[in-house]
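A.B. asks: So you can see what is in the structure, the chains are spelled out below.
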Amino acid sequence: MRPVYMISGGITKFAKGEPRKSFRVMVKEAFDYAMRDCPRLTRERIDGSVLSYFSDHFTRQLMAGIMAADMCGLVPKPTIRVEGGGSTGGLCFQEAWRHIASGWMDCVVAMGFETMSHVNTWKGNEFIALASDTNFDYPVGGFYSGYYAMMVVRHMHEFGTTVEQMAQVSVKNHKNALHNKWAQHHYDLTVEDVRRSPMVAYPLTMLDICTMSDGAAVAILCSEEVAEKLCDNPVRVLGVGQGSDAMRMADRPHGNVILLKHEDASWYKNLKYPGVHSFRAGRMASKLAYEKSGIEDPREDIDFVELHDAYTSSEIQTYEDMGLCKYGDGGKFIEQGHPELTGRIPVNPSGGLIACGHPVGATGLMQAVFAFWQLQGAIAKHNDGDGFIQVKQKRGLGRRKMRGAIHSHAGTGTYVTVSILESTR
Amino acid sequence: MAKTIANKKSSKRAQASPAKAGGPKPKYDKVRLPESDEGAVVFCTDPLTVKSHYEIDYIHSYAEDSPFFRGLAEGKLCGSECTKCGYRFATPRAYCMECGAPTKWFDLPLNGRVHTWTTCYFGSEAFLKEAPFNLALIEFDGVNTLFLSRLIGATEKDIRVGMPVKAKFRRLAQFKPTDVYFVPAEKA
Ligand SMILES: [Zn+2]
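Chains A and B, in that order, give the protein sequences.
According to our numbering, the first sequence is numbered sequentially starting from 2.
According to our numbering, the second sequence is numbered sequentially starting from 483.
Rather than coming from a laboratory, the hints here were simulated on the basis of the structure.
This structure is a prediction, so every number in the text was calculated from the model and none was measured.
Hints may be right or wrong, so weigh each one.
Said to hold, decoys possible - Some chain B residues close to chain A (C-beta under 10 Å, calculated; not the full set):
hint, residue
1, Val523
2, Cys581
3, Arg595
4, Trp599
5, Thr601
6, Ser606
What the hints assert, rightly or not - Quick look at which bits of chain B chain A covers, simulated, 3 or more residues with Cβ under 8 Å:
hint, segment
7, 556 to 568
8, 571 to 577
Claimed, not checked - Below 30 Å or equal to it, Euclidean Cα-Cα: the simulated DSBU-like pairs (lysine-lysine) are:
hint, chain 1, residue 1, chain 2, residue 2
9, A, Lys270, B, Lys658
10, A, Lys22, B, Lys533
11, B, Lys533, A, Lys124
12, A, Lys273, B, Lys586
13, A, Lys17, B, Lys533
14, B, Lys533, A, Lys29
15, B, Lys611, A, Lys124
16, B, Lys648, B, Lys512
17, B, Lys639, A, Lys273
18, B, Lys533, A, Lys14
19, A, Lys333, B, Lys586
Here a beta-carbon is modelled for each residue, glycine too, at the ideal position from N, C-alpha and C.
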């Protein structure tokens, strides 16, 4: 495998509904943004594309990927569609990485989108719930918020996690998004606001859950040689990892924790793992990504994380899967302020899915774009001069370059990707 | 009547055409797609947004899971036991996830406990009219995995993790997993 670099990215502003633009025009706009941000890159230099969108139901258009590729003028070059639920965007990023790392291509565009406003919210919930076992799970009351609610009820039972701790995640992410012009929602909230908003599935309220969105995002990856030629400030993809778990939560085992390098088996003597309280796929993805990136202790070796907070609860669960804290300490981790913008390891400085929106196939690529801008030190450049959410590198770590992790997650933790990006500045 | 109108229209057009000077009428002049009063449901004119309907009936086979659904109609809950490692799955599956060997059917106990639960106040369109409803993952003694079901006869206020519950079955089977549901086994 050879080194892979990200040299540009682009996104559309995510919106609840964007009826004036079809998915292919949204992708084209994100693509054009990325091309403008890397002026020496010409379309002729691009060897192919990888497309990601989650559900054929939302657009009611099969082979939508090729329509986005042709709108961007990327035919007759090779192109492929990637799909894996909520993790579709993250998988797309990693597929593009494989295109380059394997030596097959020197420059590839990862492009993702979703147009979820074409059905009403209840129908959208149904389409999403079809990504659960349609013999045993969907017909019982298929509703993803219900599935995640059951997972966090068990997390609360095992570890004493509280609804206030969950609400703090929503408050934090929405506060960060106040300084992100790309975000779908700009709300200044309190814990009480989150708890008072309508209950969706106990204990998750409307403000504990991300919304559906229309939007597109693009990331351009290339080889070292191309990056040196075309980009003054590329970002290296240091390593990628991926994991999976059984579709049905009911089937998940109750065994032993998969340990990260800095962890000790004695921490988890009495914990049955993953059960339904933790995401084994997230742990596996983190472990592999850390191993490939030479990360000994993510608490020290990563400067920020953009993770898949479709639910406030899943952000807390993911702190633990990624080893930012011990299993069981996720609630305390947010309570003590560690994932805040000024905390030990800022999590979702962009505002995450909860505030930025979640157009499924674009989401994982949106995270890549935000992380790319962070590592370029270019947040203000892309945010009308507002650099408030620009993360500072950990103090006293001059010995290494700044690093960010992106984490993309599919329904109840079935597919999870973790990719580690590093500045070259 | 309709015919008259059509004739009038076509004669008007004939006058305007260069063929009027005694030449033969254009051969395809009367070829028209039939009109209908179907129209469109329009939500918005700019951007033009119309209703687009889509519906499918599947011929869905439960295939290897068929015995489970037939079992529900007989008041029986069937799980899957690995023929090699003995792992017991509360939700049926043809092959063991732990070792890959085929499974055989076994009868689950009808009494279990709530492993985790929620009350849904919203939902997918198909279940919206049933909200609020409770979902629960049920654990059974001597079984390694869980079973997803509806829990009735209790509310958000009184459901607890670990609460004993027992299975009940619909008298008139619909051959869906909701043919079985759970109720509290005793007051918690
Ligand atoms: Zn087995």
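A.B. asks: For every hint, state whether the structure bears it out.
C.D. replies: Consistency of the hints with the structure:
no. : hint                    : verdict
1   : Val523                  : violated, 14 Å
2   : Cys581                  : violated, 12 Å
3   : Arg595                  : violated, 12 Å
4   : Trp599                  : holds, 6 Å
5   : Thr601                  : holds, 5 Å
6   : Ser606                  : holds, 4 Å
7   : 556 to 568              : violated (count 0)
8   : 571 to 577              : holds (count 5)
9   : Lys270(A) <-> Lys658(B) : violated, 40 Å
10  : Lys22(A) <-> Lys533(B)  : holds, 17 Å
11  : Lys533(B) <-> Lys124(A) : holds, 14 Å
12  : Lys273(A) <-> Lys586(B) : holds, 26 Å
13  : Lys17(A) <-> Lys533(B)  : holds, 19 Å
14  : Lys533(B) <-> Lys29(A)  : holds, 26 Å
15  : Lys611(B) <-> Lys124(A) : holds, 13 Å
16  : Lys648(B) <-> Lys512(B) : violated, 73 Å
17  : Lys639(B) <-> Lys273(A) : holds, 27 Å
18  : Lys533(B) <-> Lys14(A)  : holds, 26 Å
19  : Lys333(A) <-> Lys586(B) : violated, 44 Å
Of the numbered hints stated above, those contradicted by the structure are hints 1, 2, 3, 7, 9, 16 and 19, listed in ascending order.
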